[in-house]
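Chains as they are written, first to last, in the UniProt record's numbering: chain G, 1 to 299; chain U, 1 to 276.
Think of the hints as simulated: they come from the structure by calculation, not from any bench.
Do not rely on the hints blindly, as some may be mistaken.
Claimed, not checked - Sample of chain G residues with no beta-carbon within 10 Å of chain U, all distances over it, derived:
1) P43
2) T107
3) G154
4) D237
What the hints assert, rightly or not - In the DSSO-like style, the derived pairs of lysine-lysine whose C-alpha atoms are separated by at most 30 Å in a straight line are:
5) G:K24 with G:K91
6) U:K170 with G:K148
7) G:K33 with G:K171
8) U:K170 with G:K171
Only a predicted model underlies this, so the values are computations on that prediction, with no experimental measurement involved.
Yeah, the Cβ is synthetic: ideal placement off N, Cα and C, and Gly gets one too.
Letter by letter, the chains look like this.
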Amino acid sequence: MNPNYQLTDSQDSYGFGFLDEFAKREIRRVILKAISIPGYQTPYASREMPMGRGFGTGGLQLTLSMIGPEDTLKVIDQGSDDSVNAVNLRKFAELTCPDVSTTESTTEATLIQTRHRVPEIALREDQVLNLQVPYPDPLVIVEPSEAKRKIMHGEGDYARLLTKLYEDLVKFDEITISHRYPTRINGHYVIDPSPIPRYDVPKLHQSQALLLFGAGREKKIYAVPPYTNAEPLVFDDVPFRTENFYNADGKRRACNRCGSTNSFLDELNLEDGSKAWQCSDTDFCNRQLARTDAGEVTQ
Amino acid sequence: MKPILEVKGLTRIHGTECPSCLDMTGPEHDTNVCPACGSVVAAANVSFSLQPGEILGIMGESGSGKSTVVKTLYFDQAPSRGSAIFRDGDQNHELFNLNGAEQRWLRNHRFGMVYQNPNLGLNFGISAGGNIAERLLMNDLNHYGDIRRRAGELLTRTDVMVSRMDESPKQFSGGMQQRVQIAKALATRPPLLYLDEVTTGLDLSVQARILDLILEIQHELGTAMIVVTHDLGVIRLLASRTLVMKYGRVIESGLTDQILEDPQQAYTQQLVASTL
Numbered sequence: 001m002n003p004n005y006q007l008t009d010s011q012d013s014y015g016f017g018f019l020d021e022f023a024k025r026e027i028r029r030v031i032l033k034a035i036s037i038p039g040y041q042t043p044y045a046s047r048e049m050p051m052g053r054g055f056g057t058g059g060l061q062l063t064l065s066m067i068g069p070e071d072t073l074k075v076i077d078q079g080s081d082d083s084v085n086a087v088n089l090r091k092f093a094e095l096t097c098p099d100v101s102t103t104e105s106t107t108e109a110t111l112i113q114t115r116h117r118v119p120e121i122a123l124r125e126d127q128v129l130n131l132q133v134p135y136p137d138p139l140v141i142v143e144p145s146e147a148k149r150k151i152m153h154g155e156g157d158y159a160r161l162l163t164k165l166y167e168d169l170v171k172f173d174e175i176t177i178s179h180r181y182p183t184r185i186n187g188h189y190v191i192d193p194s195p196i197p198r199y200d201v202p203k204l205h206q207s208q209a210l211l212l213f214g215a216g217r218e219k220k221i222y223a224v225p226p227y228t229n230a231e232p233l234v235f236d237d238v239p240f241r242t243e244n245f246y247n248a249d250g251k252r253r254a255c256n257r258c259g260s261t262n263s264f265l266d267e268l269n270l271e272d273g274s275k276a277w278q279c280s281d282t283d284f285c286n287r288q289l290a291r292t293d294a295g296e297v298t299q
Numbered sequence: 001m002k003p004i005l006e007v008k009g010l011t012r013i014h015g016t017e018c019p020s021c022l023d024m025t026g027p028e029h030d031t032n033v034c035p036a037c038g039s040v041v042a043a044a045n046v047s048f049s050l051q052p053g054e055i056l057g058i059m060g061e062s063g064s065g066k067s068t069v070v071k072t073l074y075f076d077q078a079p080s081r082g083s084a085i086f087r088d089g090d091q092n093h094e095l096f097n098l099n100g101a102e103q104r105w106l107r108n109h110r111f112g113m114v115y116q117n118p119n120l121g122l123n124f125g126i127s128a129g130g131n132i133a134e135r136l137l138m139n140d141l142n143h144y145g146d147i148r149r150r151a152g153e154l155l156t157r158t159d160v161m162v163s164r165m166d167e168s169p170k171q172f173s174g175g176m177q178q179r180v181q182i183a184k185a186l187a188t189r190p191p192l193l194y195l196d197e198v199t200t201g202l203d204l205s206v207q208a209r210i211l212d213l214i215l216e217i218q219h220e221l222g223t224a225m226i227v228v229t230h231d232l233g234v235i236r237l238l239a240s241r242t243l244v245m246k247y248g249r250v251i252e253s254g255l256t257d258q259i260l261e262d263p264q265q266a267y268t269q270q271l272v273a274s275t276l
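Full structure from sequences and hints, please.
This is the structure in structure tokens:
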């Protein structure tokens, strides 16, 4: 970001939240439709944002059309509040939404925009999670024609997606999809839940918070409303498995910063060539660390 | 016994149809291109019925419309006119009045199709077992172990080595690919099977094995079949009744023996004579 860049001061040029009121209204209507048809990829007129498509413009448009001065915004990228994408999007929101407060705390936020992770701390009914989505359609790997994909979604025809899982099991004895795991919402539509790891997929199921998915480049918005079923696509006799972070001895790895053994870990290459594991959710890690320092958690 | 399939007046015209399309084409005009509007009459007023467990042959040269008939019945193409009633137990399905989802359901659950070109019937990007699994998954079988077992059984039944079920059909010979297609078509035990030039392009011994397999399946499962071919040998071996088509019209129909031994139409006579 150019530190000298100033948005125009004129109130007539840019409204609150950068988007004009018509754009916000259209997006809000699409959000309502998406909530009404859980998992359905609702088309919308994705606006040009002052950043490249693919950098979270879908999630950002959701956020900017919903945010008000009373909101507290948290922006995360791969679980971290400090990575480039998160910092830039947060700065943009601060610049264009005067009076909105931002936070790094998951519990204080009312609106959370995220890329690639769902926060470790369970979300509440009064919170909304906006996920940035690069590829909204899970069927794209088996059917190149969008017209045919729409028919397949309408008829709930996901046999070919399951065939892909069958082939994985035949070749590798295991389903090899690490992220963007196809998940059936409310018993019908299967969504691409954005590149969250498998670890986060169970958090979509019966979530208390509203989960919204915005794909800016692909011009689609879809939703997992609160208390809605979200079931990963599996075979009856092959249960869904999440990352377990076991080491060679079968012991669960712990975060080397906070010592937590119940969070999603990032694998880090240290300077001496060795590897270390650390919580991907920085807010969660900081909280654990604070509790450890206060003597609440014994290792 | 009521017929399992009753087709009436099936017509398929490619292009901007005009009122004289049907009058100005056909064997007597020696063309299937309408001279008035240039439309191609692929099939015109084709009617026949098929009994449960029966094999009906459709014979004719290239472009006579025999594949068009089967493709419309399998919903690969939509007909211009005509009706077809499929009797499934107590239910009568008027095939061309169904919506897309109902057509897809019938196609996946009650019909089977074996194409001349395995490229059309099989997905070469996935394994032979995967191709069969796909069809079982469409039938709401969602148990990996059961799918594996059933796919293995079907491939054994069609003489494909189970040890090769996890290979891509790309690596199979033409005859094996055809047998995988048959296994895939049979996966749901359909009461009606369409075979479109199944043995064309295969060598004679492989042809014989595939024809034997088809007959065995018919005896075992009582599957009704429509066999489309230009090969009189196949018709003689498989079909009890036969339609002869030319320029989109059925020009002769009856018992296969009768047609082959005592052809009435000049075209059929020529066809029978040419193979001797």
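Evaluated hints:
no., hint, verdict
1, P43, "holds, 21 Å"
2, T107, "holds, 39 Å"
3, G154, "violated, 8 Å"
4, D237, "violated, 5 Å"
5, G:K24 with G:K91, "holds, 20 Å"
6, U:K170 with G:K148, "holds, 25 Å"
7, G:K33 with G:K171, "violated, 40 Å"
8, U:K170 with G:K171, "holds, 17 Å"
Consistency note: the structure conflicts with the earlier hints numbered 3, 4, 7.
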